[in-house]
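Participant: Sequence:
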Amino acid sequence: MTARHIPPPGGRIDTEPIEVYRSGRPLLPRQLEFADLGTPLEEVTFVVVDVETTGGRPGAHSLTEIGAVKVCGGEVVQEFSSLVNPGVPIPAQITVLTGITTAMTVSAPPLSEVLPAFLNFLEADVPALDGGAPVSGGGTPVPSSRVPARNRAAEPPVLVAHNAHFDMSHLRGACEAIDVAWPRLRVLDTLGLARRIFTRDEVPNHKLSTLAGYCRAAVQPSHRALDDARATVDVLHAMIGRLGPLGVTHIEDLLTASNPVPARRRRRAVLADHVPHGPGSYRFIGPNSEVLYVGSSGNMYRRVRQYFTAAEKRRRMAEMVELATRVETTPTATLLEARVVELRDITRFDPPYNRRSRRPQTRTWISLDTTPVARLKITRSCSATEVANSLGPFGSRSAARRAAELIGDEAGLNPAGLNVPRKADLSDCPCRFASHAPCYLAPRGTVNTAAVAISRARRLLAGSLAEVWDHQMARIARLAGAERFEEAGVERDRLSALLTAAQRRELLVPLWQASCVVAASKRGDHWEIILASYGRLLATATVSEARDVPEHAAALRSATPLPEAPARAAEHAHPEETQLLAAWLADPRSRVLAIEGEVPLAVPLASAHRFAASFPGAEESPDLAER
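Numbering (the working numbering), first residue to last: 550 to 1176.
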């Protein structure tokens, strides 16, 4: 059995393409298919819909007519048309506009009959068609005579409408009125698309009637639902023809084409053509071969392609894409390994367009210094032997400073609070001494000596935060009740900084002190096996069958040398890498097979994690979701 080994700390990470062998389910090369690019437009079923209303708000009495045309591959498959009895008189101005009178809708079926028939039309499989005509009153769809007989695969259709917000809001409102679930389908608005395609030099406005005339639609809009839907079909096909030469060939492209994406960025999507479809880490390379940005994904091709569409909203990413000349990838077998490679690449290359996970050496800790006087100090490293009595790592120095202020106040390390007799319990009032520092001293009638303050500070640094939680929550409540919201926000931020660091330390310390952790997790149709040491991922493997997990885990352990014990916390791995391992191990699907460590992989009952559900300001553990 062979496995890919990650080099020890300090070694160069090889980013050159290498041949990777994995047991159980090897990554075999395969011929890419057109389906990997997305769904081609000629295979997409569009349902072009239009509604006529009474002019009122969406609801049970708004719809007067529903018309829809189902098209696929440029051919009309089915049509749907039915008047709807709104149950109320139709205003005269609506009759003048649409030609639909109250007398016409009196004999029409009610909404409770027409809407379910329309929903069935949306979700029904497309049958073999022999010709027919649209229904004009009963609400039952029949084949159109414009379609030759053929079978199509049943796939979720894409709804299309001109000014889709209007039509969709009335259809959703009608569904709510009769307590029917509205299907979750993708929606394409031809109005927004037309604004991106047709300039003012071509058309004076983007009304459906104007566009139908410009595109030479076979049917002109008449403010009747089916006619307007038929005209929208021709307009849609004309716009697809305009977008084809620009690279819009799949439905994923068309759905984002109406968003403000420069054509030059869309044309650069060819940079993603060679990107693999599996998990891994990717790097955008600049004109001088510098690494601009590093990311990871379970499907690198799909994620990289999103950078060239309107799905990417960040301005910095738009600038980065304009500078990039190519995309390099490091395929991996698992998403966890992809995230780890991403973190290591960020540390190695320090890419300018990455904001998260950069410069792990700047992470700070809080420790207690008793010489010459007792004080809390903020440092950039922590000894492995003192990690249990230190707090961190913090994401920023400002967060560490806020937490240190709170610990100092709670322990009475503030010079104003030392050797002062206490006149009230903590529950009575937060009395104040010099300056604006809150005084949290020893119990009533006792003296807060330096020894007592040091002992209390050590307990807080070790994670005994129950009293801090009670005091701060009561303090925040009092300040908020007095409408001193800014001060309450300051106290909330101090508590959040303290709890976040305490929760992070509780997760990381067991892994930092474990010389070997072997675990497996059921992911999809395979099992992932990992080997970690002192918080660092060393090797991974995948197997197909559960019965093969113990054998391959033992082989992975015997084939992988373990590093020496670190002298400092987080010396072997980025803190976020250890967080990823902790989140992976905490997943209900994961099973720990072997562990060699000083403490168990567990969180104490009296831990900071018990406050996470009650305090949304505290940071949650990272997961393996898409970034």
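Since the hints were made in silico from the structure, they are not lab data. Backbone N, C-alpha and C fix where the C-beta goes; we use that ideal spot for every residue, glycine too. Please note that a few of the clues may not be correct.
[To be verified] Computed spacing ranges between beta-carbons, pair by pair:
1) Leu872 <-> Asn712: 31 to 39 Å
2) Leu1111 <-> Val819: 42 to 50 Å
3) Arg875 <-> His714: 33 to 41 Å
4) Val819 <-> Ala1151: 43 to 51 Å
Participant: Report the numbers of all earlier hints that the structure fails to satisfy, in ascending order.
Facilitator: none
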